[in-house]
Structure formats: C-alpha cells, structure tokens
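**Student:** Based on these hints, arrange chain F on the given structure of chain G.
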Amino acid sequence: MAPADRMTKPIRVLVAKPGLDGHDRGAKVIARALRDAGMEVIYTGLRQTPEMIVNAALQEDVQVIGLSILSGAHNAIVPRVMELLRQKDMADVKVIVGGIVPDEDAESLKRQGVAAVFQPGASLEAIVSFIRGAVG
Amino acid sequence: MKTVERQFTTISGVPIEPVYGPEDPGPENQAPLPDAGEFPYTRGIHRDMYGGKLWTMRQFSGFATPEETNRRYHYLLEQGQTGLSVAFDLPTLMGYDADHPMSAGEVGKCGAAVSSLEDMEILFRGIPLGEVTVSMTINSPAAVLWAMYLAVAEQQGVDWRRLSGTLQNDILKEYIAQKEYIFPPRQSMRLVTDTIEFGASHTPKFNPISISGYHIREAGSTAVQELAFTLRDGMEYVDWAVERGLAIDDFAPRLSFFFNAHSDFFEEIAKYRAARKIWAMVMKERYGARSERSLKLRFHAQTAGCSLTWQQPYNNVVRTTLQAMAAVLGGAQSLHTNSLDEAYALPGEHAVTIALRTQQVLAYESGLAGAVDPLGGSYFLEKLTTETEAAANRYIRRIDEMGGMIPAIEAGFPQTEIAAASYRYQREVEAQERVVVGVNRFQSDDQPIELLHIDETSARHQEAKLAALRARRDNSKVDRALDQLKRAAEGTENTMPRLLDAVRAYATLGEICDALRAVFGTYTETARL
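As they're listed, the protein sequences go chains G and F.
Per this note's numbering, residue 29 is the first one in the first sequence, and the count goes up by one each step.
Per this note's numbering, residue 9 is the first one in the second sequence, and the count goes up by one each step.
Note that these hints are calculated values from the structure, not bench results.
Any given hint might turn out to be false.
Here chain F is said to cover these stretches of chain G; the calculated rule only asks that three of the stretch's residues, wherever they fall, bring their Cβ under 8 Å from a Cβ of chain F [unchecked claim]:
no., stretch
1, 39-53
2, 148-159
Non-contacting residues of chain F with respect to chain G, defined by C-beta distances greater than 12 Å in every case (computed) [unchecked claim]:
no., residue
3, 247
4, 301
5, 326
6, 329
7, 409
8, 528
We treat Cβ as the ideally placed atom computed from N, Cα and C, and that holds for glycine.
If we strip away everything but chain G, and leave its shape as in the complex, we get:
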C-alpha cells in the first residue's frame, strides 16, 4: 500500500471470539475502542471456528485479526488460525491475541507468528498504538 493511501484509508480490523467461550465483554470493549480510534472494525460474534475467522478476514480484507480467548483454549485455537493464514497466503495479516494467556503460552504463541498478546489490565491505548505501529 502506498503511503498516501495509508493516510486516508482506515485500518481494518476483524475482532473475533473463537471457541466455546461466551465471555464477550473484552472483545466488545476493544472493538468499540478501535472504532473510536478511527479504525474500521468487523466483529464476528461468538463461537467462530478458525476456518470461519480466516474466511471472514479474507472476505473483509482486514490487516489485523484480534482474537479474544478467556477459556484457556488458546493453544488449540491460535496455531490453527496461523496455519490457515499461511495456507491462504495471508501471512501479512497481523494477529493479536487478548485474554487470559499465561506468560509462557504468550511466548510460544509469539514464536508461532502472533504479533502481540495482551493480558488482563492492558490499556486500550497500548492496543491502539500497537496496531497503528504494526500496520502503519
């Protein structure tokens, strides 16, 4: 994307709730905060499989996927999303994960290509700046 485009076109983000976890407070707060920061946000709603998430990301042509997982299933779900992105030649899409992810799991997810993991207490501002820095 040319620099001029970047100035005018808002960053597009898919916020997704994978797995069986229904706790959507965090995902909704983040989605609203990103929207208030001028980004275009698509929220998938609940119970998305990795396949559904990657397809939505492709169709919506997003630069960032935000996965919110509080159930402890991140080690099963996130690697599958990363693998599908590689298969579909979408490795340039940045994946960020938010939720209850212990430090050692966060490190392991980052080694598998996740751009950032935000743990409880992370500020909205930190997430917004990270996305701007990673995509801008």
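**Tutor:** Here is chain F on its own, set in the frame of chain G:
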C-alpha cells in the same frame, strides 16, 4: 498525572454527596423500617439472621476430570466447607461431549468435564447426597445434568424428597450476558418450566433455578442493571410457570437468586436490600402470592471475578474480603469467595484454602454475623437503597413495556445497555478517573504465584472413557430412550421423565442435546457492539 483522591460516584456511576442526614432517605422512609423477618424484608428474611444459621460457605469448584474434581470436593469438605458447588467445563455447558470437535482444547479447562451419567457418578463418589447440599452451575443443558444428578441420588438410595441444593438453570441471563446458550429462547424456557414443574412435585427441598445477576454484572453492567434485569428475569420464569398451570405458592418458595458482590461496599449492600424489597412487593402485588415463603428473596453471592487483577495478585485477597463483607452485611444465604489466582486460572488448592479461610474469619472472628442488618438506618445506606430500588423499577417498567424479557433480549436491549456501561467504565479506568490499584496506579513488579495447569491429558482420559462407555452400554436402549425424548420434546409433556430414562440408559450429554437440537433448533445471537 491527574490525581483523584476522592470518589464522587459509586463504581456504577451513581453520584454520592459528601454527607447524608436525616432528611436524605426521603419522606417515604421516615416511618421506621419493618424489622428483619417482616414484609417487605428490606432488612432481611429472618428475624435473627445468622444467629439462627450462618451462611453456607460454598466454593464454586470443578476442573479437569470428574476424578480430580471429586478429590477437590473431599478436600474442601474436610477443610470445613459446608456445601458443594459444581463448575462444569465449556463443552458440558454447551451440550457437547468431550470427544466432539468443538470441544478441542476446552475439555476440563473451565470446570469439570461431565459427558455422561458415569462421569456424574464419579464426581459424587463417596459424597452422601442426602446430607450435602449441592449447587450446579449449568444452564442450557441444565435439565439433562439434573437428570444425571437425580439418577446418582437414586443409585445412592437417597429419596429425592430429601435432596437439597440448587440448579442454576437461568437461561435468560445467558442470552443477556454469559452467552452459553444452545436452543432458542422459547424452547429453552419450556425446558426450564419443565424442571420447575417437575421439582414442585418431586424435589420439594431443591431449588430448580438460581436467577442470576452475577454474570450480568461480570459482563460489565451497573449494580442497578444487575438488579433490574435479574428480577425481571425472575418474573419471566414466574409468568411461564403460572402459564403452565402451577399455583404461585407451589413453586415460588423454591426460586432462588444469585448476585455479584462487587467492590463498591455500600452500593452492594443497598442492592441486596432493594432486591428483597422489590421481589416481596412484586410477588405479593403482581402475582398475588400468599405464602410468606414465596415473598422472601433468598440469594447466593459470589465476590466479583471481574474485579480481580492480574497485577499484584495478593491484593485480590483484600478485594475479596471487602466484597464478602458486603455480601454478609447484605444478608446473603450462601457465599463463594474468589481465590487470589483467579485472574489467571482456576484456583489452586493453596489459593482456594485462603478464600475459604476468609469466610471463616468473617464468620467466627469479625462479629459481622452478630446483629441482623447492622447498617440499617444509616442515612446514606437508606438513601442508596431507595434510589437503587427506584432506578431498578424504572428498568423493569421499560422491559414490561417491551412485552417482557424475551422481546427485550431479541431487540438486544439488556445486551446493549450492559455493553455501554462496560465501555464507559473501561474509558474511566483508561482516563484514570477510576483507580484500579496495581493496574493504573501504584504499579510495581508482580509477585509470581503458583498456578493450576490443566493439560490435554484430561481430554484424552475423558475421550477414552466415552469410547469405552459407548462400546459397553446397550445401544438399542439408548436409541429408544432418545426417540422417546424427541417425541416428548415435539409435544407438550414434561421432558424430565424422558431425560431421566435417557441418562439411566447412559445416553451421553451430547447425544441427548443433539436429540433436542433436532427438535428445538439452535440459537445464534446477532453480533452487536
């Protein structure tokens, strides 16, 4: 940095004056309040409150396999806990067996995995169900898990009429807040009504439902929203049971409630007092209940999980203590105190022991359990109680005008009200208008704590048990039971007897829920921000 040395609103945003006096509670409250044990029970449902019986110390607990959870239950009972409370994992809550593809990575993570009557037998091995009261946090498939529980009691030779405990079974707050639903709202309400009806004639000491504000609050609501949506949910269940033909006083005494104990001390106490008053008035005036037991709101409280911080986790012990004090001063019948490590994981044994000891210190050392409603008559608390009651009643009227809770849910009304409150709160934290100690002020390096890890061996164990069960049982009997269940679900007969037959034949949770999915269909929420 902007400093805020004094909080001028409650955590829910209700303005607070610097001082309150005799004129504040308002002219309607100038007459002395009726005593505890007297209508409308603002001060408590019993005259002597904890002098008669301490609250039940009931730690919500469940992780990994039924075998491991059973060991934790024995441990908690040995440590002086007085009741059990079962946490099921997400596949169980969603009606999937441990070996279903949607269960991948989720088995045993958020609670105990229970896919069949065999798992339920293991869960309560060595625990006499005629003596220990058991609460089960299960909603969409609650009728199925309850059938398993009743079948275990039967095996133990315990008369169902002696069983005492609580089924959460509150599907409305799932659509509103926690989002663990399977079937559409009206089909779900039919199942709930089946359990209330079955309980009224078979299990006179068991609460078939625990109408819950806890999850509404955890989703980010204000105290008033928690109160209003919960009580309006309660009215919806009453409407359905009355419509079924049950007499109000035959089931209302067994309706129980479950509230959050959040951090704003006085606001929480006011919430519990207002809850008792509104419910008593509603039961008497709206439904014409005559029995005193129908009018008395009994509730379980749990300290606020969402208030726990990942940073400086030992501070969570202090938060939990203050929240538990509010629940006790507000007259809770039973209480769960969160463990200090629960911002990270399900609690480890050391952490859960501290949480239980917190309740024991409050009960036996603090003097809080002495006089009933000791803060009653405080100008501030009475004013806050009156305001909370009025604000909750305004919400209840709005939902009445929408045609009840189901149309309100379908229109996304409670969901969007909660999301707006939750976003407002987070913005205030972000702007440092609200201080969260250790998170946005007073930060320091974290002290590492020991955590409970649940790996995939639990899932493999559960999968192997299921495969063996499917090979061992009489599959033609299972098929027959599932067919009969489907026929009952298609018609109007109570599904409980058919569910009991199905679980006794060792049909699995997933198979039973699939049979019901085939008849009822499933529900998907419109994604809203």
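**Student:** Each of the hints needs a verdict: does it hold here or not?
**Tutor:** Here is what the structure says about each hint:
1. Coverage of the stretch 39-53 of chain G by chain F holds in this model, with 7 residues showing a Cβ closer than 8 Å to a Cβ of that chain against a need of three.
2. Counting residues of the stretch 148-159 of chain G whose C-beta lies closer than 8 Å to any C-beta of chain F gives 5; at least three are required, and the coverage claim holds.
3. With a closest Cβ-Cβ approach of about 26 Å to chain G, residue 247/F is found to remain outside the 12 Å limit, as its non-interface label requires.
4. Interface exclusion of residue 301/F from chain G stands, the closest Cβ pair being 34 Å apart, more than 12 Å.
5. The Cβ of residue 326/F lies farther than 12 Å from every Cβ of chain G, with a closest approach of about 17 Å, so its non-interface assignment holds.
6. Even its closest Cβ contact with chain G, about 21 Å, leaves residue 329/F beyond 12 Å, as expected for a residue assigned away from the interface.
7. A cut-off of 12 Å between C-beta atoms confirms that residue 409/F is not in contact with chain G; the least separation is 26 Å.
8. At roughly 17 Å, the least C-beta separation between residue 528/F and chain G is larger than 12 Å, which holds for a residue marked as non-interface.
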